[in-house]
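Q: Sequence:
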Amino acid sequence: MASSLSRRTLFRASALGLVVSPALAACGSNDGPGLVRARPKLTHGVAVGDPRSDGALIWARSDQPATLVVETSATESFRDVKRFTGPLLTPESDGTGRVRVNGLPAGQVVHYRVHLEGDGGANSEPVTGVFRTAPTAAADINLVWSGDVAGQGFGINPDVGGMRVFKAMAARDPHLFLHSGDAIYADNAIKESVTLPDGRVWRNVTAEAKNAPAETLDQFRGNYAYNLTDDNYRAFNSTVAQVVQWDDHETTNNWSPGGTVAAEKGYRERSMDVLAARSWQAFHEWMPLETKEAVDGRLYRKISYGPLLDVFVLDMRAYKDANNANNGPAGSIFGAAQTRWLTEGLRTSTATWKIVAADLPLGVVVPDGKTAFEGPANAAPGAPSGRETEVAQVLSSIKANKVRNVVWLTADVHYTAAHRYAPERATFTDFDEFWEFVSGPLNAGAFGPNDLDPTFGPEAVFVHAPPAPNTSPLDLEFQHFGEVRIDGKTSELTVNLCDATGKVLFAKKLEPKR
Numbered sequence: 014m015a016s017s018l019s020r021r022t023l024f025r026a027s028a029l030g031l032v033v034s035p036a037l038a039a040c041g042s043n044d045g046p047g048l049v050r051a052r053p054k055l056t057h058g059v060a061v062g063d064p065r066s067d068g069a070l071i072w073a074r075s076d077q078p079a080t081l082v083v084e085t086s087a088t089e090s091f092r093d094v095k096r097f098t099g100p101l102l103t104p105e106s107d108g109t110g111r112v113r114v115n116g117l118p119a120g121q122v123v124h125y126r127v128h129l130e131g132d133g134g135a136n137s138e139p140v141t142g143v144f145r146t147a148p149t150a151a152a153d154i155n156l157v158w159s160g161d162v163a164g165q166g167f168g169i170n171p172d173v174g175g176m177r178v179f180k181a182m183a184a185r186d187p188h189l190f191l192h193s194g195d196a197i198y199a200d201n202a203i204k205e206s207v208t209l210p211d212g213r214v215w216r217n218v219t220a221e222a223k224n225a226p227a228e229t230l231d232q233f234r235g236n237y238a239y240n241l242t243d244d245n246y247r248a249f250n251s252t253v254a255q256v257v258q259w260d261d262h263e264t265t266n267n268w269s270p271g272g273t274v275a276a277e278k279g280y281r282e283r284s285m286d287v288l289a290a291r292s293w294q295a296f297h298e299w300m301p302l303e304t305k306e307a308v309d310g311r312l313y314r315k316i317s318y319g320p321l322l323d324v325f326v327l328d329m330r331a332y333k334d335a336n337n338a339n340n341g342p343a344g345s346i347f348g349a350a351q352t353r354w355l356t357e358g359l360r361t362s363t364a365t366w367k368i369v370a371a372d373l374p375l376g377v378v379v380p381d382g383k384t385a386f387e388g389p390a391n392a393a394p395g396a397p398s399g400r401e402t403e404v405a406q407v408l409s410s411i412k413a414n415k416v417r418n419v420v421w422l423t424a425d426v427h428y429t430a431a432h433r434y435a436p437e438r439a440t441f442t443d444f445d446e447f448w449e450f451v452s453g454p455l456n457a458g459a460f461g462p463n464d465l466d467p468t469f470g471p472e473a474v475f476v477h478a479p480p481a482p483n484t485s486p487l488d489l490e491f492q493h494f495g496e497v498r499i500d501g502k503t504s505e506l507t508v509n510l511c512d513a514t515g516k517v518l519f520a521k522k523l524e525p526k527r
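The letter at position 9 of the sequence shown is residue 22 when you use this note's numbering, and the numbering goes up by one with no holes.
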């Protein structure tokens, strides 16, 4: 009775315009006598997030108020099921929600089935998927990572089969996907077509929410909804557990707390803080993560994936200082609390490998205009300054605490590269040698390569970038993802840098240091 009342109340609020959600507001209440309630629908597939040894988060969206229900089984036949009842999905969260399924065996393939339960037995058709629980014993691990979806006006192209990179990643049967940020391009409109410099035409599926840069909450929500109309993306989401983070384009290009969007960009709402708050809400509604499971109740967190792997997921956007020359005596890219969390987490980790999932590269120079920089690097060859000081603090603590086998993964710069950081080449030398691997974009314009800042001694061992800036996804060889494989017997870690066809462009095997 209580849930029926809440549904009627929500429908009434929706009809009065008190709740903004186009897909949900279009639904009638069907409370009158003799009316048949429409069955709820799962509108954008399903997704899996933040796996543990006993389960994972399952995400879905309904077109009308309905209860999320997930069933799991060890077999595709679903002979023996465990049932998990999730929240009532309502217009308040744009019809989205998630439930953590738990109590499942470790290191196993789990079949799951999602449906929606409406009033009076009006249930949705089910959607199925699979995921793997994290192991508790040494086992083979395969993860992929990348970032940047639907950037530079390159959206879903039906002529080429949509976002093909997700099909290529799925073919490698990964256990995990680290989404390194720029999951949407809220600041880029998607037009019907883009004419390329060589005369070829990129054609897009379009949507109302992508007609202009996002400013309202519904426009931000619509960006996520647009991406999930791609068949390849939805199929990938249903079978690969994700670990997601955000970067700048979820809000607007190169945003930082306290900033203002340039007047010439034509935004009515120019406060980056206001835009980021709306973006943050849409991100958490539409992605498979749970704020209560993050350290700060927002994003940064550790994903433990058995004795061979811990993944430290960073937020290098919400705690950074304003984009400037970045050459002062101090700066912020992690913030003090996140810096302490990362250094202590690395120190106490017992996993063989520690992957730091960063949404910005450490030594790649990323300009913001002529005199400002948005990442840690500032193009100055001297001692750490600005945001580099926090990076130096983390790297020094890794050395001082004798933490072994730390690998950094990132995206952001729209090309792929392998960087070896070594103190013998660096201005700042109080750190141990380490590798950073860059990969992207998933489906966006390709750029690069960028210059490297010498402070921490990076060497570009491998780079694959397009010959011209903003090369379109028609050229699949310049769309990229990375793959990490950990051998369960030897503990060796191999990084493959791949193009969007699945071709391995570069491979690096790392032996674990004991």
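Since the hints were derived computationally from the structure, they do not count as laboratory data.
Just so it is clear, the structure is predicted and the values come from calculations on it, not from any experiment.
The reader is advised that the hints may include incorrect statements.
With a Cα cut of at most 30 Å, we get these calculated BS3-like pairs of lysine-lysine [said to hold, decoys possible]: (1) 315 <-> 54; (2) 412 <-> 516; (3) 315 <-> 521; (4) 516 <-> 502; (5) 412 <-> 383; (6) 521 <-> 502; (7) 412 <-> 522.
Q: Which of the numbered hints above does this structure break?
A: The structure breaks hints 1, 2 and 5; every other hint is satisfied.
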